[in-house]
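Undergrad: If you want the building blocks of each chain, they are given just below.
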Amino acid sequence: MTNDVTAPTFVLDRRTALPALIGRHEDFLIVTGLAGTAKDIAALTNDGPHIYTMAGAMGAAVSMGLGLALAKPDKKVLVVTGDGELLMNVGALATIGVVNPPNFGIICVDNGHYGETGYQKSHTSLGVDLEKMAVGAGIKVTRTVEKEMEIAPAARILRETNNAYFIVLRVKPTDPPKFKRNFDPAACRVRFRMNLLGHP
Amino acid sequence: MAPDAASEQKGWQHEVYDLLRKHGVDQFAYVPDAGHKILINRSLADPDVHSVSLTTEEEGVAMAAGANLGGAKSVLLMQSSGTGNCVNFFSLIKGGRFPFLTLISMRGDFGEGNPWQFPMGQAVEPVLSAMGVICLRADSEDTVVGTVEAGLTMAFKGGESVAVLLTQKLLGAKAF
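Line by line, the protein sequences are chains R and A.
Okay, so the first sequence: first residue is 1 according to this note's numbering, each after it adds one.
Okay, so the second sequence: first residue is 1001 according to this note's numbering, each after it adds one.
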């Protein structure tokens, strides 16, 4: 099996690889999916006012990010979500491919599992390639990051591309950082708008 | 905006489009339906709005929340059957107290001849009500523009989630 170069490798640690890929998080407005990626980003930003993390509405992150990106063309919008969350509404990739907002990108933290519910295998452990689906959806800039040395080149995409992009960050199925974030979706809406717009 | 040829076209659908624009709606998200044809075409021809065709209606619910985070206003145009595709995403709208406006072209309603349309069509109001979305029915050309205006005010001034149901009394039943 070690000779099989096409097999996906889940070796990176999300607790170090995701912060390295994002870099200065303050450069982005960030929408996350529920569970793992919400914890990743809340821990990274100390639950900052420029993030909106989900704890339900599974499948909503990409489309919510799209609405925000269209509303704020002068800001870079980043959706950070998991493989399970993305798969639940994977048709949204087709909408992103068609609209191609230049200030919008997705990082899919793909651990091949539903971590929150007990690490059941997801489709990406069983042959589904999300980057190929994104290519098929017409997203012009795509990348899969599986190794340490692939992080820096992918990080440049976040700041340099003028197309919507989709990055799969393959990580091992280990827990995200523990972080107690604000779970009140209305309070988080007001916090986000106060920070971005100056009014609730 | 300077009036263009399109905005001088007659008919309630054109009045509704101009009203949405007057209230600052600039994201039009939709799954195509004959009942929304004029609104969709107007949004496609309008350089000042984003006209976004969706793969499923629930994308439009999440888009509305994202638009609000960025200070913009969106509307979701869908057929009654799309209501069922949205349900869990209304958790985001209700929990986050996001303003939300959808215009729903009804099937499975007054004069319907396609039996497949009844289950969801008849469930639209109870399903929306269960998820905290206020339903306003528009049954006639005389009242539809005022009903949409009421919905705009309730959503974007009142902060509520509102569905305006464009009924088959208004749109006419599709022939089968």
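Since the hints were derived computationally from the structure, they do not count as laboratory data.
Possibly wrong hints are sitting among the right ones.
[To be verified] Covered stretches of chain R, as calculated for chain A (at least 3 residues, CB under 8 Å):
no.	stretch
1	46–58
2	68–77
[Claimed, not checked] Per label pair, the in silico range of CB-to-CB distance:
no.	chain 1	residue 1	chain 2	residue 2	range
3	R	Val-190	A	Asn-1088	18 to 24 Å
4	R	Pro-153	A	Lys-1169	32 to 38 Å
5	A	Asn-1088	R	Lys-132	49 to 55 Å
6	A	Lys-1157	R	Gly-198	15 to 21 Å
Ideal Cβ placement from N, Cα and C applies to all residues, glycine included.
Undergrad: Does each hint hold? Answer for all of them.
TA: Taking the hints in turn, this is what the structure says about them:
no. : hint                                 : result
1   : 46–58                                : holds (count 5)
2   : 68–77                                : holds (count 6)
3   : R:Val-190 <-> A:Asn-1088: 18 to 24 Å : holds (23 Å)
4   : R:Pro-153 <-> A:Lys-1169: 32 to 38 Å : violated (59 Å)
5   : A:Asn-1088 <-> R:Lys-132: 49 to 55 Å : violated (27 Å)
6   : A:Lys-1157 <-> R:Gly-198: 15 to 21 Å : holds (19 Å)
Figure legend: structure checked against the earlier numbered hints; hints not met, in rising order: 4, 5.
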